[in-house]
Amino acid sequence: MKKVKKIKIKVNGKMKSFIGDYILSDMLKRLKIPINKVAIEMNEEIIDKKKIDKIKLKQNDKIEIVHFIGGG
Amino acid sequence: MVNLKKDNFIIAKKKFKSRLIVGTGKYKSMPECAKAVKLSGAEIVTVAVRRVNISDKKKPLLMDYIDPKKITYLPNTAGCFNSIEALRTLRLAREIGGWKLVKLEVLGDKKNLFPDMVETLKSTEVLSKEGFKVMVYCNDDPLMAKRLENCGAEAIMPLAAPIGSGLGIQNKVNIQIIRQQTKLPLIIDAGLGQASDATIAMELGCDGVLVNTAIAKAKKPFEMALAFKNAVIAGRQSYKSGRIDKILMGNPSSPLKGII
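Keeping their order, the protein sequence lines are chains H and D. Residue 55 in this note's numbering is what sits at position 55 of the first sequence, and the numbering runs on without skipping anything. Residue 1129 in this note's numbering is what sits at position 129 of the second sequence, and the numbering runs on without skipping anything.
Honestly, the hints are just simulated from the structure, not real lab data. This one's a predicted model, so the numbers in the text were calculated from it and none came from an experiment. Quick reminder that beta carbons are idealized off the backbone N, C-alpha and C, glycines included. Incorrect hints may appear among the rest.
Which bits of chain D does chain H cover? Going by a derived footprint, with three or more residues having C-beta under 8 Å, they are [claimed, not checked]: (1) 1046-1052; (2) 1060-1074; (3) 1135-1142; (4) 1226-1235.
To spell it out: a stretch of chain H is covered by chain D in this simulated footprint if at least three of its residues, at any positions, have a beta carbon under 8 Å from a beta carbon of chain D; those stretches are [unchecked claim]: (5) 17-31; (6) 35-43.
Assemble the whole structure, with the sequences as input and the hints as a guide.
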């Protein structure tokens, strides 16, 4: 039986496991993120939202997804 | 007649009618916040940039309650204590949807929440070079205000008193000196406690005021939102009308001639 490759990624400070060759846009879909209302940072670099279909996730990637909330 | 209809509030070449900017923090709920914003008549609201809650996907979003197409969002850097954090936050804010008009706030002390002006100056310079329009929260210090202006600030926003303190304007003289030296929009940001504080700010010649806690934490936020709206209009009208000179002694209002 083929062994399933698992990778661990930190999303907004929480460890998450993903199977195999995961693409950033798939992960955002899985987390039900409204892409037009957020900004994404990967390993402290801002990601161009037009390119999320092409970005592969790697072991130990750190992803931050932010949006606007109430503030003064 | 002072015609306030033609008296626009211009920020980064954009015209606004209302001179009241309100914060969207500290409300009990999003509907309460949205209603208070509406009653205040504000056309600009400050918002914070924070992590999306990835475990609770049903949590309501601010954008579902306050439409950024109708109300200008002013992303802030609240909670940032150095230039690196502030720049990271605002670059992300821009990425959410093209926001270039931002509020820079780099704090220096967790208790009094006074701005760290060295970090603030550094950040203003970098952000303006990157094409941001930076409205800067700062001390009520005319020299620092001048430096911010030289670094490319879009608006000078001195505090009235510490953030959330409700103490009102503590240093009217400094605010007036800053008013005299700058043509940039001058907005009192932080420390107001009641509507009359906003009137005083406007009478000192400020172009606008930014209020959050005084409305959000009032016993009746909706009524207070309305009070601030009226207070800002009254203050502007009073300023534009030209107050009388102050004199030490009395000056009777009724003519002395013809007294029986």
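Quick rundown of the hints versus the structure:
With a threshold of 8 Å between beta carbons, the proposed coverage of the segment 1046-1052 of chain D by chain H holds, since 7 of its residues qualify and at least three are required. Coverage of a stretch by a chain is defined here by at least three residues with a beta carbon nearer than 8 Å to that chain's beta carbons; for the segment 1060-1074 of chain D and chain H the count is 4, and the condition holds. By the rule of at least three residues with a Cβ nearer than 8 Å to a Cβ of chain H, the coverage given for the segment 1135-1142 of chain D is violated, with 0 such residues. Coverage of the segment 1226-1235 of chain D by chain H is violated in this model, with 0 residues showing a Cβ closer than 8 Å to a Cβ of that chain against a need of three.
Counting residues of the segment 17-31 of chain H whose CB falls under 8 Å from any CB of chain D gives 1; the rule of at least 3 is not met. With 6 residues having a beta carbon nearer than 8 Å to a beta carbon of chain D, the segment 35-43 of chain H meets the requirement of three or more and the stated coverage holds.
Hint violations for this structure: numbers 3, 4, 5, all remaining hints satisfied.
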